[in-house]
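*Asks:* As a plain string of letters, each chain reads:
There are 2 protein chains.
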Amino acid sequence: MTMKITTLLLLVFTAGAFVTRGQTNQPVDDWKPAPSNQPGQQYPQVNSEGRVRARIRAPQALDVQLDISGKKFPMTKDADGMWTGDSTPQDQGNHYYGLVIDGAQVSDPNGSFIFGSGAWRSDIDIPAIDQDFYALKNVPHGQLRELFYFGKTSNTNRHCFVYTPPDYDKDPNKRFPVLYLQHGYNENETGWGHQGCAGFILDNLIAEGKARPFIVVMENGGIALGGNRPPGGGRGPGAQSRGSGRGGFDFSAFEHALIEDVIPYIDANFRTIADQPHRALAGLSMGGMQTHTISLAHIDTFSHIGMFSGGSIATNEIADMAAFKQKVKLVFVSYGSRENGATGKTNVLALKEAGINSVYYESPNTAHEWQTWRRSLHEFAPLLFKE
Amino acid sequence: MTMKITTLLLLVFTAGAFVTRGQTNQPVDDWKPAPSNQPGQQYPQVNSEGRVRARIRAPQALDVQLDISGKKFPMTKDADGMWTGDSTPQDQGNHYYGLVIDGAQVSDPNGSFIFGSGAWRSDIDIPAIDQDFYALKNVPHGQLRELFYFGKTSNTNRHCFVYTPPDYDKDPNKRFPVLYLQHGYNENETGWGHQGCAGFILDNLIAEGKARPFIVVMENGGIALGGNRPPGGGRGPGAQSRGSGRGGFDFSAFEHALIEDVIPYIDANFRTIADQPHRALAGLSMGGMQTHTISLAHIDTFSHIGMFSGGSIATNEIADMAAFKQKVKLVFVSYGSRENGATGKTNVLALKEAGINSVYYESPNTAHEWQTWRRSLHEFAPLLFKE
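Protein sequences, first through last, are from chains A and B.
The first sequence begins at 17 in my numbering and counts up one residue at a time.
The second sequence begins at 17 in my numbering and counts up one residue at a time.
A couple of the hints might just be wrong.
[What the hints assert, rightly or not] The calculated DSSO-like cross-link candidates involving lysine-lysine, where the alpha carbons are at most 27 Å apart (straight line), are:
| no. | chain 1 | residue 1 | chain 2 | residue 2 |
| --- | --- | --- | --- | --- |
| 1 | B | 402 | B | 345 |
| 2 | B | 168 | A | 186 |
| 3 | A | 186 | A | 402 |
| 4 | B | 186 | A | 168 |
| 5 | B | 88 | A | 93 |
| 6 | B | 343 | B | 361 |
| 7 | B | 93 | A | 93 |
| 8 | A | 168 | B | 153 |
| 9 | A | 153 | A | 186 |
| 10 | A | 186 | B | 186 |
| 11 | A | 341 | A | 226 |
No wet-lab data here; the hints were simulated from the structure.
Please take these sequences and the hints and turn them into a complete structure.
*Replies:* In structure tokens:
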């Protein structure tokens, strides 16, 4: 019911925006600083159409452009050397962006910095009609823990983030299910905890009693920690692993690391319920493809499977349907409405007909971007570990 | 003994560098990618003199400069539109830097991003003779936990990082002392965990048996969470608090928050030894000044006091010397050798003469920068919570 109202509101909102766009090219003059800005920064701004207005001082520059996910928008200079430029209306939610200053591609000093598209770069949040579900609220919060540990299989220092739910430290005897949640190509283990808002999404769902408290492990889908990183690398943004799938989609190294290094380490160091019924695997884009490959090969390890904008499972890929039906409790597939989710939808229907609990979710008016994946996690989490 | 050898080696190294600098302006051609670079990036590079070589593609730019902590170095363009420029030799350790492209001050897309100087910007690590003490090693690691919680005194959502030592989750009955560790002006709660390498420093000291395992709390020295941050802010780099002392050095708001919100929250949610003998307060620069003010007013709360490049305690500031002597177990003061630590040194001597356990440390060949503070933490931590 909630979903239907949200969908309706989104349609109404979008229809309104289209009328505005059709009538005039003049932006609506209700600009506000983006919620993702660095503290105190007035730019970039967004307006109610979802346009982005960037501004930077570059007195000697000849040409400055705003670049949102590869699409360029011109900026113009005033007498003080300040460049300003607007984008066309953007989808609600998170977008990677940057500035091009006389041919140099750089981050916007005023935006927030995330790891995406293979680099640390700017991101901007366009306020969304459903932003409440990933907002920071005065509810009990889980912890996002940054871990370093040695992985024997990968023969390297691994780096991951683990979300522990709000009650985790209250009762030293209580154990929790675990979701292994993967990022996309050219992203890394920081993505879900930062621009993905995984912690706030789960904090809010748990506070509303809509999801069972569970642990989330966010690992790097590549295999090795950055070659020329530490000494002195420190924890945090700079310490991400390299790889992220660069060099082709062979997932076998990550499969070995996940099954032989990551899961045993998590089970040994956190109070997990260390069995198949209480272990889920999901991911976005390339992480969805990894989930597809790895979960099909390990149905004794994972009971709940989620693929967000990253494929689906066809019935003819399932070697032993009876075993799959018995062991797999959920196959969740999602896409943004601006992506092509037709095959995913068809495959979910076929799984349902085969008697498997399968769910298809389409995020309204979003593309292959984080708003699709925030919503996917928000839809997926309440379906996990039902008893 | 270790300290003395390190000091000697640093002197030898620096003497060598001076000879090289004196002989020629040509950089030594042994450039290597900086350890702080983004994964796979070949630039910026550093050479054995500690020079920084930056490179960026900006084909239409008229003027590009390398800016290290405010000092500018020219860069020159080749036929392909690639700009390259070298700095003079820099001190070992971490420096904030950026690029100036036709007057626009931006981060280097190849460097790592940290919060410093009031913004997210680039930082670079010049390999240091003693870098081993903050290196990522195959030793048991603690966790760096990111926390959100509501502070009643500050009437806002607070954001901090908590380091828990490697053994923290092993024994649910074991309790630990706590160090509250503050950042500097225009920095925030991410600094110590990231460019400060606090986690690796403590992991390594604990693994060598040189420091007692304790919890470290890294809070924001300002008071309010960024006004136009979440919804959608997410955890991590973008979610830092604002303030950091901007608008003057009145520490009373932070004093109230620390004593009335932060410490009670930490004591209620972590297995602390919640008494004065097991609670320390330290900070760098402005965080040292906060430590000075707050610890003098709360000797019933803190037993160990550390000021790194941020002041010291004169005997005439101590209202009740007998009480101070009885309750305060350590006053630690440090400066980089390129700072003026004369007053700090004098004050430490006076405290010693008054019978108070006081230590002065000078970091060889460093200025008001993170290498001074990494070393200060490394010297300070082994002196804490002796029994």
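*Asks:* Take the C-alpha atoms of residue 168 of chain B and residue 186 of chain A, compute the straight-line distance between them, and say whether it is at most 27 Å.
*Replies:* Satisfied, since the Cα-Cα distance of roughly 21 Å is no more than 27 Å.
*Asks:* What's the verdict on residue 168 of chain A and residue 153 of chain B, does the C-alpha distance respect the 27 Å limit or exceed it?
*Replies:* Roughly 14 Å between the alpha carbons, so the hint for residue 168 of chain A and residue 153 of chain B holds.
*Asks:* Decide if the proposed pair is consistent with the structure: residue 186 of chain A and residue 402 of chain A, CA atoms, cutoff 27 Å inclusive.
*Replies:* Answer holds: residue 186 of chain A to residue 402 of chain A is near 22 Å, not above 27 Å.
*Asks:* Can the restraint linking residue 402 of chain B and residue 345 of chain B be considered satisfied, given a maximum Cα separation of 27 Å?
*Replies:* holds (9 Å)
*Asks:* Need the status of pair residue 88 of chain B, residue 93 of chain A: alpha-carbon distance at most 27 Å?
*Replies:* Cα-Cα ~24 Å, so holds.
*Asks:* Is the hinted pair residue 186 of chain A and residue 186 of chain B satisfied, with a Cα-Cα distance of at most 27 Å?
*Replies:* holds (15 Å)
*Asks:* Within 27 Å, alpha carbon to alpha carbon, are residue 153 of chain A and residue 186 of chain A?
*Replies:* holds (21 Å)
*Asks:* Would the hint linking residue 186 of chain B and residue 168 of chain A be met if the CA-CA limit is 27 Å?
*Replies:* Given pair residue 186 of chain B, residue 168 of chain A holds - Cα atoms ~21 Å apart, limit 27 Å.
*Asks:* Is residue 341 of chain A within 27 Å of residue 226 of chain A, Cα to Cα?
*Replies:* Within the cut-off at roughly 26 Å; holds.
*Asks:* For residue 343 of chain B and residue 361 of chain B, compute the direct alpha-carbon distance and say whether it is at most 27 Å.
*Replies:* holds (22 Å)
*Asks:* Is the hinted pair residue 93 of chain B and residue 93 of chain A satisfied, with a Cα-Cα distance of at most 27 Å?
*Replies:* holds (24 Å)
Against the hints set out earlier in the document, no violation occurs for any number.
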